[in-house]
Amino acid sequence: MKKLVSTALIAASLVLFAGCKSKPPPQPPQQEQQNTGDVSGVNDANAVAGDDTATAGPGGELLSKRIIYFDFDRADIRADSQSVVAAHAQYLSKNPSQKVRLEGHADERGSREYNIGLGERRGQAVRRALLLQGVAEAQLSTVSYGEERPAVAGSDEQAYALNRRVEIVYLK
Amino acid sequence: MRKLATCLLLLCAAPAFAQLQLTITSGVTDPIPIAVVPFERAVPADGGIDVAAIVQRDLESSGRFKAMKRTDMLSRPTTASAVDVLAWKQQRNDYVVVGRLTAQANGDIVVKAELINLLTGLSMMDKPWTVKSANLRKAAHRIADEVYRLIIGVPGAFDTRIAYVSVDGKPPTQKYQLIVADADGENPLAILTRDRPLMSPAWSPDGSKLAYVSFENRVSSVWVQDIFTTQRSRVSARAGINGAPTWSPDGKKLALTLSGSNGNLDIYLLDLTTQQLQRLTDDPGIDTEANFAPDGSAIYFTSDRPGSPQIYRLGLGAGERPKRVTFTGTYNARPRVSPDGKQLAVLTLDNGAYRIGIQDLATGTMSILSKGRQDESPSFAPNGAMVILAGREGGKGILQTVSSDGQTSSKLNADAGEVREPVWGPYQK
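Protein sequence lines correspond, in order, to chains A and B.
Mapping to the working numbering: the first sequence position 132 is 132, numbers consecutive.
Here the working numbering runs 172 ahead of the position in the second sequence, where the first position is 1.
FYI, nobody ran anything at the bench for these hints, they're computed from the structure.
Fair warning: this is a prediction, and the values are worked out from it, not measured in the lab.
Built from N, CA and C at the ideal position, the CB exists for glycine as well.
Hints are supplied without guarantee of correctness; some may be wrong.
[To be verified] Taking beta-carbon pairs under 7 Å as the criterion, some of the chain A residues facing chain B (in silico):
| hint | residue |
| --- | --- |
| 1 | Ser111 |
| 2 | Glu113 |
| 3 | Gly117 |
| 4 | Gln124 |
| 5 | Glu148 |
| 6 | Ala153 |
| 7 | Ala161 |
| 8 | Tyr170 |
Whenever a hint applies, use it, and build me the whole structure from the sequences.
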């Protein structure tokens, strides 16, 4: 069921993209297809243990690096991460059935919902870089967790730097 | 009443979770001296609940009252006629509250409380409250509300609820709970528990529902949940971000932040009956955190269109354009409008610290309300006199209440885990 929802989401993204040329028209995003069986199970203990959609993905020096870090209040991919992004772009273009989810994150400072926006901006930066390097739209989805899922606890510069990130998650 | 009974049933079945402890951290320089005399009990119907102690703590938590210690009381009258006005005045009190509980044959309890003004010698309040014994705390909060109103001149907000998010465990395996409690932190009830983030709770105007964001399916979705039945429904699970829900004053619509797959956050209005979606903003920057003016004529929201986040106002009439509202500092976000529509509470960057500021909407003047380094999520009490907010202490999230003039504050510490994103609910029927 969970897979179905993910698939439905990706499908919904695709439908949305089909209508988008270079400048997206100002129309509301479409409600995803309702998988009634799944979403009505709201009182179930449907807490997710682990992430059953994630997979080990490819190995190798660059491809095993799955986290892209960002500077404070920035969403541009740093020079030291370009080779990692390029390696994933190359792998994904050669494996067009492989899908990845780009999970954007922010450090804990500032407003939570605004940080959701910052995390999304970072996820979109990685998405655009992958698209420019030949990855198909259908292979990519984004989610932003803002400051809600820090990689490490702590309120210092070191923790902040590790938490401002995009995680590239290979999906089954 | 039926609803309250359901609520209590659920409470008994609820698992253990963070309990809040209230501490008054600062009050006004000249608080009003008051003596709240222990009420005559109704044993065993009152279940051992000390009504006068609850009234006293409510009044003291506002920072505006200083209560006499029970050990200093020379007598313990339970009716106004038994109060020796001169003697209580000599002990430097301005007011005395007395009361008595009487058990009825049907199990109800009648609480009669009186407020005596020692300067005039007159009784200002002589009113019975009839409640089920399980709702005795509620009666105490209502008495405190009435005492506050009679002395301060504005209604109290003690008989109200708050909601907040509680988080346990260390990243990346954390447990998130959405909790509803009385405004003093008592009677906490987890209405939802998830292993993925829950955020941005928002009260419906009638206080019966919460809208919030859940990541339970790995992506964000917006839900509406009845706090009494705990039934919930998913109202938005569109591609991209589904976030920052707030209710229109009539309770019929939600303002939401949606991004679509292209990642551009804008604000939309979702009609909860027809599911119709109306786009309110259209800008390549991040537009989010909408909040309605109390009359529903406009929304205030965060936008980084000028290069850093600032607050904008968008009138909802035809052809209106967003207008920038905040000009103090480089970071202003998460606007919340006061119940009278005259002030805006925001998260503002103040000398390198994230604090809560209050901006007067007529003059544009901003004053800083909180003193932490990472304060966030301001929310007005329905009487406008207090703001609840989240702060950090010892690396943990805690809740605080601060009076809107910044003079008084108290803390609500969780005994386990951390707490965040408090929202103050409306007056209850």
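Handout entry: Violations among the numbered hints, reported as their numbers in ascending order
Key = 7, 8
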